[in-house]
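Novice: If you want the building blocks of each chain, they are given just below.
2 protein chains.
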Amino acid sequence: MTRVIKAEPLTAEAFKPFGDVIETDANAVQKAINYGNTTRFHDLAGIDTAKNGGRAGVSIFRSTPLALPVTIKLMEYHPLSSQAFIPLSARPYLVVVAPAGVFDAPAIRVFVASGDQGVNYRAGTWHHFSLALEAVSDFLVIDRIADEDDTVNCVEHALTEHEQLTITL
Amino acid sequence: MTRVIKAEPLTAEAFKPFGDVIETDANAVQKAINYGNTTRFHDLAGIDTAKNGGRAGVSIFRSTPLALPVTIKLMEYHPLSSQAFIPLSARPYLVVVAPAGVFDAPAIRVFVASGDQGVNYRAGTWHHFSLALEAVSDFLVIDRIADEDDTVNCVEHALTEHEQLTITL
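Residue numbers (the working numbering), protein chains in the order written: chain A, 1 to 169; chain B, 170 to 338.
Just chain A, same shape as in the assembly (with noise of 0.2 Å):
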């Protein structure tokens, strides 16, 4: 049997060691600008993509939800670069991260992410793909993108079934 994890909340303070929560946040620095009309919520994610010729890319991605009650059974990195989702479907989704370096599943971190929440995964931070939740979802994206093969940036890991574990809201 699958070990069984129960989501937390998202929050920046949680989110700091596997990289940013963007949000409006009363901690970010705010700016008024364009004559008082709006408040510029400034530099909410380190993105990182220009190694070895990258550049940032924006792309929209379309997710269809997993079955609940979700198994995680494979986890992802990108050696590269970062990578940001930003929620475009205001509805919540799952953010399923472990510390970079060795694959550590007991260190597997579970978050639910509300729908004005996105997150930005710095380079390194092992992953799940995105986890859309009730329907079909979009989420902007922010990543690297490079005249080369998608398998330079993307290291993947099976979970055995010892490391694999079943997220509960």
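Derived from the structure by calculation, the hints contain no laboratory data.
Any given hint might turn out to be false.
Pairs of lysine to any residue residues, derived as SDA-like cross-links and limited to a Cα-Cα distance of at most 20 Å, are as follows [what the hints assert, rightly or not]:
no., chain 1, residue 1, chain 2, residue 2
1, A, K73, A, G53
2, B, K175, B, A276
3, B, K220, B, A269
4, A, K31, B, A315
5, A, K31, B, K175
6, B, K220, A, G53
7, A, K51, B, G222
Keep in mind it's a predicted model, so treat the numbers as computed, not measured.
Mind docking chain B on chain A? Use the hints.
Specialist: Chain B only, in chain A's frame:
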């Protein structure tokens, strides 16, 4: 009396002289990834932020709508970089642009973007600041962040009374 211009629907074709429309368009390159659970609408915008030591940054703009009918009195452009806006509040908004180069008021185009269309202004494209409609709205913004005064990468033009225009929906 100022010129009155009716906003036209935003399409990638019509917007081509000014930049990119960021949307899940049938013409986008679509890749099936994550073992079929995700469709990636790939590389939807030319992010151009690296000049003179700049980097791509992610911010959220919270925009207060101007009173309708909106009169356009000010335009701006960023000589060194692109600037992308993606709506996070699923509401339509106005996009007001003019071709790069010497400001040409009769060449102003006014688009109404739907809540699932982002725009990316190419470097040099004249544009109005973000024009939310209906209610205070959030936009994800991808632009250039650099260690320099904000005025270095923002050129403004105050429209003469003759150049000003009023927008109707």
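Novice: Next step is simple, just say for each hint if it's right about the structure.
Specialist: Results of checking the hints against the structure:
Among the hinted pairs, A/K73 with A/G53 is inconsistent with the structure: their alpha-carbon atoms are about 32 Å apart, more than 20 Å. At most 20 Å may separate the alpha-carbon atoms for a hinted pair to count; B/K175 and B/A276 meet this at roughly 14 Å. At roughly 18 Å between alpha-carbon atoms, B/K220 and B/A269 fall within 20 Å of each other, so this suggested pair holds. Between A/K31 and B/A315, the direct Cα distance comes to roughly 15 Å. Compliance with the 20 Å bound is thereby established for this hinted pair.
Only pairs whose Cα atoms come within 20 Å are accepted, and A/K31 paired with B/K175 is rejected, the gap being roughly 32 Å. Straight-line distance between C-alpha atoms of B/K220 and A/G53 comes to about 15 Å, which keeps the hinted pair within the 20 Å bound. The straight-line distance between the Cα atoms of A/K51 and B/G222 is roughly 15 Å, inside the 20 Å bound, and the hint therefore holds.
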